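Colleague: Just so you know, the numbering used here puts the end of the sequence shown at 326, numbered straight through with nothing missing.
Worth flagging that the hints you see were computed from the coordinates, not collected in a lab.
Errors might be hidden in some of the hints.
[What the hints assert, rightly or not] Straight-line C-alpha distance at most 30 Å; calculated DSS-like pairs for lysine-lysine: (1) Lys260 / Lys128; (2) Lys163 / Lys129; (3) Lys149 / Lys17; (4) Lys188 / Lys149; (5) Lys260 / Lys188; (6) Lys182 / Lys149; (7) Lys251 / Lys129; (8) Lys305 / Lys40; (9) Lys17 / Lys305; (10) Lys149 / Lys163; (11) Lys208 / Lys194; (12) Lys208 / Lys149; (13) Lys149 / Lys180; (14) Lys149 / Lys40; (15) Lys50 / Lys62; (16) Lys50 / Lys17; (17) Lys62 / Lys294; (18) Lys305 / Lys149; (19) Lys182 / Lys163; (20) Lys294 / Lys305; (21) Lys180 / Lys194; (22) Lys180 / Lys163; (23) Lys208 / Lys128; (24) Lys163 / Lys251; (25) Lys62 / Lys17; (26) Lys208 / Lys163; (27) Lys260 / Lys163; (28) Lys129 / Lys149; (29) Lys260 / Lys208; (30) Lys180 / Lys40; (31) Lys194 / Lys50; (32) Lys62 / Lys163; (33) Lys163 / Lys188; (34) Lys128 / Lys50.
Given the structure is predicted, the values throughout are model-derived calculations rather than measurements.
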Amino acid sequence: MHSRDEAGSFGLPEGEKGEIITMIDFGEFMEVYTEQSTYKLMTPDSIDPKREHQNVPWVYTKTSDFGASNPLVANTVIMTNEFLRQLYSNEDSNRIQINSKARDIKNVLLNYLLSLQSLIDNSNAEIKKFIENENVMNGKAHAYFPQLKGLDGYATDFLISAKRCIQEVSVMVNYFLPLKSKHGRIDKLLQEVKANHQEATMLINVLKEYLPMCEHIYSFRNAQEHAATTDTPLIVNNFSFENGNELNAPKWGLQGQGLKYVHEEANEILSFLITFFEDVFLSCVSLVFPAFPKYEIVFNENPVKENPVRYRLHLSLPDEFINKEQ
């Protein structure tokens, strides 16, 4: 057995492959990101903070098969950490709180992504089975008609995750601006920021831009949750025939307002939520930029596949500093 105070190894657990792309401190634990996976690392002090045992080991746990190469992971928690480590010290509690909130959002979105992948995979399997059995009964009847099991459950997973993501992003603003309360609704957040923080023009404009889609997501969730009492419940239809024999994938929408393919709109919502997080975070983090040195947010047109972060924080040095270095 080794002493807890000996230097810990930051290699991957035995049998795991890949290079470490980045590590993020969340206070009581760390997360280690390879290109394809995420690991939770707990130190002896986080396991036994009272130091009652001498031989407490470092502990690695694989928590996800998605790593730094996944755009969702890269453009939430990894981007957040890359910005904050330039603006806050390692010991700053605000840095850990913001990173932890970004991690929560990342995990919510990963659950959404897993549900979406499951829906698409199961839908494709149903379609394949339908095609394979199409001529079994000489074209007079279909031997198998696709039905996606758990469709209502998928819809619930999407809408609960999307709503929670919006709420978590809204609460994140509190770490950058002194607000009277934590807002789970974008419209309420926008009202307070406009009333008390007129200087936060970038954030105000971002919230205005994203408000309609956030309200659309909320309307779907409310229509689903209160289907028995609302005049416009959420309709979720399974596979169906249209125009005689045209097979259509599952669709959803508010009653009387048209239907869209579930998988297509769910994918659009996921992309929206990632971009929503990015823009709210960037508009918030710009509020804590120091007067000197000067920082600027730069869009990365050619992100690397191992860690495809779309935005970077760039330190802009005065010309006289650059000339001295040359």
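Colleague: All hints are to be evaluated individually against the structure, with a verdict given for each.
Modeller: Against the structure, the hints:
1. For the hint pairing Lys260 with Lys128, the CA-to-CA distance comes to about 22 Å; that is within 30 Å, so the pair holds.
2. As the CA atoms of Lys163 and Lys129 are separated by approximately 34 Å, the hinted pair breaks the 30 Å bound.
3. A C-alpha spacing of about 36 Å is found between Lys149 and Lys17, which places the hinted pair above 30 Å, so the restraint is violated.
4. The suggested pairing of Lys188 with Lys149 is violated, with an alpha-carbon distance near 38 Å, which exceeds 30 Å.
5. Distance check on the hinted pair: Lys260 and Lys188 sit about 29 Å apart at the alpha-carbon level, within 30 Å; holds.
6. For the given pair, Lys182 sits about 38 Å from Lys149 by alpha-carbon distance, which is inconsistent with the 30 Å threshold.
7. Distance hint between Lys251 and Lys129 is fulfilled; the C-alpha atoms sit about 20 Å from each other, no more than 30 Å.
8. Distance check on the hinted pair: Lys305 and Lys40 sit about 22 Å apart at the alpha-carbon level, within 30 Å; holds.
9. With a CA separation close to 17 Å, the supplied pair Lys17 and Lys305 stays within the 30 Å bound.
10. Of the pairs offered as hints, the one joining Lys149 and Lys163 holds, with about 23 Å between alpha carbons and a cut-off of 30 Å not exceeded.
11. Distance restraint check for Lys208 and Lys194: the Cα-Cα separation of roughly 10 Å lies within the 30 Å cut-off, and the hinted pair is therefore satisfied.
12. Only pairs whose Cα atoms come within 30 Å are accepted, and Lys208 paired with Lys149 is rejected, the gap being roughly 38 Å.
13. With a C-alpha separation of about 45 Å, the suggested pairing of Lys149 with Lys180 is violated against the 30 Å cut-off.
14. For the hint linking Lys149 to Lys40, the alpha-carbon distance of about 34 Å lies beyond 30 Å, and the restraint is violated.
15. For the given pair, Lys50 sits about 26 Å from Lys62 by alpha-carbon distance, which is consistent with the 30 Å threshold.
16. A threshold of 30 Å between alpha carbons decides the hint, and for Lys50 with Lys17 the separation of about 34 Å lies outside it, so the pair is violated.
17. Restraint check for Lys62 and Lys294: not satisfied, since their Cα atoms lie roughly 39 Å apart, outside the 30 Å limit.
18. The suggested pairing of Lys305 with Lys149 is violated, with an alpha-carbon distance near 35 Å, which exceeds 30 Å.
19. Restraint check for Lys182 and Lys163: satisfied, since their Cα atoms lie roughly 15 Å apart, inside the 30 Å limit.
20. Taking the CA atoms of Lys294 and Lys305, the gap is near 29 Å; set against the 30 Å cutoff, the hint holds.
21. Proposed proximity of Lys180 and Lys194 is supported: the alpha carbons are some 13 Å apart, at most 30 Å.
22. Between Lys180 and Lys163, the direct Cα distance comes to roughly 22 Å. Compliance with the 30 Å bound is thereby established for this hinted pair.
23. Our distance criterion of 30 Å between C-alpha atoms is broken by Lys208 and Lys128, whose separation comes to about 43 Å.
24. Distance hint between Lys163 and Lys251 is fulfilled; the C-alpha atoms sit about 20 Å from each other, no more than 30 Å.
25. Between Lys62 and Lys17 the alpha-carbon distance is near 12 Å, which keeps this suggested pair within the 30 Å criterion.
26. Annotation: proposed proximity of Lys208 to Lys163 holds, straight-line Cα distance about 17 Å (limit 30 Å).
27. Among the hinted pairs, Lys260 with Lys163 is consistent with the structure: their alpha-carbon atoms are about 19 Å apart, no more than 30 Å.
28. Proposed proximity of Lys129 and Lys149 is supported: the alpha carbons are some 14 Å apart, at most 30 Å.
29. A hinted pair counts as satisfied when its Cα atoms are at most 30 Å apart, and Lys260 with Lys208 qualifies at roughly 25 Å.
30. Only pairs whose Cα atoms come within 30 Å are accepted, and Lys180 paired with Lys40 is rejected, the gap being roughly 34 Å.
31. With a C-alpha separation of about 46 Å, the suggested pairing of Lys194 with Lys50 is violated against the 30 Å cut-off.
32. Of the supplied pair hints, the one linking Lys62 and Lys163 holds, its CA atoms being roughly 27 Å apart against a limit of 30 Å.
33. Using a Cα cut-off of 30 Å, the hinted pair Lys163 and Lys188 holds, with the two alpha carbons roughly 15 Å apart.
34. Straight-line distance between C-alpha atoms of Lys128 and Lys50 comes to about 58 Å, which puts the hinted pair past the 30 Å bound.
Consistency with the previously given hints fails for numbers 2, 3, 4, 6, 12, 13, 14, 16, 17, 18, 23, 30, 31, 34, ordered from lowest to highest.
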